[in-house]
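Student: Chain residues, written in single-letter form:
There are 4 protein chains.
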Amino acid sequence: MQTISSTSLPDVQNLVDGRNIPIDRVGVRGVTVPMTVLSCNGPQPTVAEVTMCVSLPADRKGTHMSRFVALIADNPPALDCAAMRSLLDRMLEMLDADEGYIEIRCPFFVTKTSPVSHLKSLMNYRVCFKAEKKAGTTRVMQEITAPVTSLCPCSREISNYGAHNQRSHITICAEIDGHMSLEEQIRIAETSASCELWSRLKRNDEKFVTEYAYDHPKFVEDIVRDTARQLNDEPRVLAYRVDAENFESIHNHSAYARIERDKRGC
Amino acid sequence: MQTISSTSLPDVQNLVDGRNIPIDRVGVRGVTVPMTVLSCNGPQPTVAEVTMCVSLPADRKGTHMSRFVALIADNPPALDCAAMRSLLDRMLEMLDADEGYIEIRCPFFVTKTSPVSHLKSLMNYRVCFKAEKKAGTTRVMQEITAPVTSLCPCSREISNYGAHNQRSHITICAEIDGHMSLEEQIRIAETSASCELWSRLKRNDEKFVTEYAYDHPKFVEDIVRDTARQLNDEPRVLAYRVDAENFESIHNHSAYARIERDKRGC
Amino acid sequence: MQTISSTSLPDVQNLVDGRNIPIDRVGVRGVTVPMTVLSCNGPQPTVAEVTMCVSLPADRKGTHMSRFVALIADNPPALDCAAMRSLLDRMLEMLDADEGYIEIRCPFFVTKTSPVSHLKSLMNYRVCFKAEKKAGTTRVMQEITAPVTSLCPCSREISNYGAHNQRSHITICAEIDGHMSLEEQIRIAETSASCELWSRLKRNDEKFVTEYAYDHPKFVEDIVRDTARQLNDEPRVLAYRVDAENFESIHNHSAYARIERDKRGC
Amino acid sequence: MQTISSTSLPDVQNLVDGRNIPIDRVGVRGVTVPMTVLSCNGPQPTVAEVTMCVSLPADRKGTHMSRFVALIADNPPALDCAAMRSLLDRMLEMLDADEGYIEIRCPFFVTKTSPVSHLKSLMNYRVCFKAEKKAGTTRVMQEITAPVTSLCPCSREISNYGAHNQRSHITICAEIDGHMSLEEQIRIAETSASCELWSRLKRNDEKFVTEYAYDHPKFVEDIVRDTARQLNDEPRVLAYRVDAENFESIHNHSAYARIERDKRGC
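Protein chains in written order, with numbering that gives the first Met the number 0: chain A, 0 to 265; chain B, 0 to 265; chain C, 0 to 265; chain D, 0 to 265.
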């Protein structure tokens, strides 16, 4: 069986298709690969889940699935928006396609110092890079999800003591002009919450974060607005979408909010 | 504590907000409720997960979260596109909002008869209704996900015997003019695959589905195209997006394709 | 093809197996079915995910997969421990097996009245029934997961104001002598937390739950101990395992604890 | 606030508890950390999810949550059974506990060569290490999950052509005497299936795997038995549990089987 030559086998995908229906996206999903992502301190090893698709003209029967996997295995440089852009370009070239989409999701880590005891610990985030070429235009989006604390202003105001608070997720998906580090983007989210998180806190740190959150009560509406305000003021951000979800401690569902804006007016 | 009157407590959400940033969506997410969904045989009990959001003007500090839960608990009529539309209208009225979004996901069941032994069994699907009012326009989308079999034409063609096949998901999200039953929409997906699925098969049924899939080999590209062709021909469908994902039996990742079309040319 | 008789087809599963290795469990997993579960107010419709397995002697090649699905589709009476026991018996008989295991997971709803405004709303929980026959002994376990609020005693004690709190899950898996309603079992969990949850709360309710949680601070250790104490005192509980997980609002990981006990001393 | 000394704050966890109920496990769950795991080619970077718990005597109010995070952040040597054992020992010492449990889950990658074209690609697996000290005895388990192809012998036998096949997961959790590489353990699973998987296949490879699977039909029962046979024959394996789950291509549920054995006769 080892003697079969690949070229002598029929290539069904290369046949002409008669249905006359172009395909917007075709490719692979759920490809899990080790990768590095660019942090402020250089390339950081991580494990990513990758989606890669291209458009397919109406007359072509199929794409070449194994080329996607080859491309991603070729060990691209540490992930950032520039790497995504060149990965997209190479994919379109290798697959001979006009349009395409790449999405890469992975965990990301930042060493943080606790607020009082100055204890160092690694905090984990989720990042996602998306690159799309459509109708001749390429857009690259850099997305981070930062877990934070939110503390309810209403609960604080109406109660004689205490205030319900909970873990929340702030997700910022941004189109950036030039370069913004993942750490910078994470800081925008963290500084828009009632308090940021650390992996390790001593008792004096815990006192600090408890009181800090109580001193900075925010509705989910406040969190997206305060994040949006920072993104509005940041000239490198061309367009953004911010989502906040509070995993309410007094309910079994979430409070949720979103603001979306393209500064270029489109 | 039982004597506190709600009206005497400060209403923080009703305060005026000075940041001058409108919010696209604010509301609740992950609300789990028992519900009925409209099948061809009348209302079918199910358990749904609900997202409900409204827009919030720049000058309003917060929305009224508990009203969303009240609305969904009011036991709407069996879910279909018409029920979604009126639920959206009531939400916008109750929350005093111009724009809003509702998404309701739930399992859905259809009694099927096996192809040879005519055994009856319940097949399970996922459905999702989405209703959005934006810029004065309301759109309601009806989405189904049907699990099916796909069998690879290339594998069949190049192999002396056998062909790799696997479970696949076909998702059709459609904007419909008038009414299309969930069962009709599911049939469009199931008849576009290499073979449909049943929960119970006797040996003669298993022989049938094995040979039927082998006789109808389809790439993920064929599946979305054959689905799209049917949706193109169906006058009640105004716009659609079809996604197919093959959980490849020879790889640890998926083959994936999408076709999106708005027949109204927007 | 419709004329093939099932009996004329070879029955590969019934062949004799020569490897001489018995199988502990073989069956189906991830079967999704509509079902009813027994609440205090009678049968409640829900959607369940089912696992059903039997043991297989060393000399038998395979089991009969389609019989499991037939059995579960036969619409058992509303789920409770007694129904699980008889479902297990029927499965062992239909599959001609000595040992077997059934697990059924589903959402469950209880109408609750908010603490101050007496607003009614539906609260959702997860339940799971497990029945196993092994070495001649049958055990049936009834499991509930109740989402609650936990408020940190340390954070409260060391802070000048406020205290971090969060959503937590308490899971009680119990072997019961006679009958205990799901609602009773849920109450044991809810009354062991810093505060219970409701789906709808007015402002005076929110004041109540905020202050109540602050007045009842509990570590994850306290939550499992207070739950265990109630289960120790309840004569109908023969054996139990209680797990508590706090989705910490000041960290991006959980605090977790477990107590396991068999009162029969085994 | 930076001047607060941690030692002057009350230490609530160190108080004496009066309920007289010992806790089986208390600790942290869902801690996400970068880590290395030991492959045949040395340490491999990955991202792990960690659970760490200790027992707590009846008279101690609470454990020290932040010590767990400190321990795991201390960058242990590349994960293998020996590293798990010493991590467990250090945890018990740091937490002053008699019993404890550690579970570390992470993706793992192996470079594979496709069967005909000899193309190299990275295949991804899941590994999990579990270490537990209970009643004076320490056990360390090494678990791998390998995705494979299964092809149904019944479908093949009764059909004139074709045979349904699908992706399956084989999970081997083993207690090992001495050292067995993750790669060796993965090979036991892969060689027990109808065919193994690769991330990249050329057409001649695809012909090979299609025909190979057809030539090696296996029920889920065969897969666990063939895996068990290899584990029985392997002297380094002291005890094992093997699970196989076939994500059936002709159904929307799984076929599932398990064999569990302790060769030491306990």
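In short, the hints are calculated from the structure, not lab data. It is possible that some hints are incorrect.
For identical chains, the list gives no copy identity; a pair is met inside one copy or between any two copies.
Derived pair list, reagent style DSS-like, types lysine-lysine, alpha-carbon separation capped at 30 Å [to be verified]: (1) K201 to K119; (2) K119 to K262; (3) K111 to K133; (4) K133 to K262; (5) K60 to K129; (6) K201 to K60; (7) K119 to K133; (8) K111 to K201; (9) K201 to K262; (10) K119 to K60; (11) K201 to K129.
Student: Each hint: holds or not?
Tutor: Hint by hint, here is what the structure shows:
Taking the shortest alpha-carbon separations for K201 and K119, only the intra-copy value of 11 Å comes in at or below 30 Å, while the best inter-copy value is 42 Å. Taking the closest pair of Cα atoms, K119 and K262 never come within 30 Å of each other, the shortest separation being 37 Å inside a single copy and 45 Å across copies. Taking identical chains as interchangeable, the C-alpha atoms of K111 and K133 are never at most 30 Å apart, the minima being 39 Å within one chain and 35 Å between chains. Proximity of K133 and K262 under a CA criterion of 30 Å is satisfied in both settings, with 20 Å inside one chain copy and 19 Å between copies.
Within a single copy, K60 and K129 get their C-alpha atoms as close as 26 Å, which meets the 30 Å cut-off; across copies the closest is 32 Å, which misses it. In the homo-oligomer, the alpha carbons of K201 and K60 lie at most 30 Å apart only across protomers (18 Å), although the nearest pairing inside one protomer, at 61 Å, exceeds that limit. In this assembly of identical chains, the alpha carbons of K119 and K133 never lie at most 30 Å apart, being 44 Å within a copy and 32 Å across copies at closest. In the homo-oligomer, the alpha carbons of K111 and K201 lie at most 30 Å apart inside one protomer (14 Å), although the nearest pairing across protomers, at 39 Å, exceeds that limit.
For a Cα distance limit of 30 Å, the shortest separation of K201 from K262 qualifies neither inside one copy, at 42 Å, nor across copies, at 39 Å. In this assembly of identical chains, the alpha carbons of K119 and K60 lie at most 30 Å apart only when taken from different copies (27 Å versus 55 Å within one copy). In this assembly of identical chains, the alpha carbons of K201 and K129 lie at most 30 Å apart only when taken from different copies (28 Å versus 38 Å within one copy).
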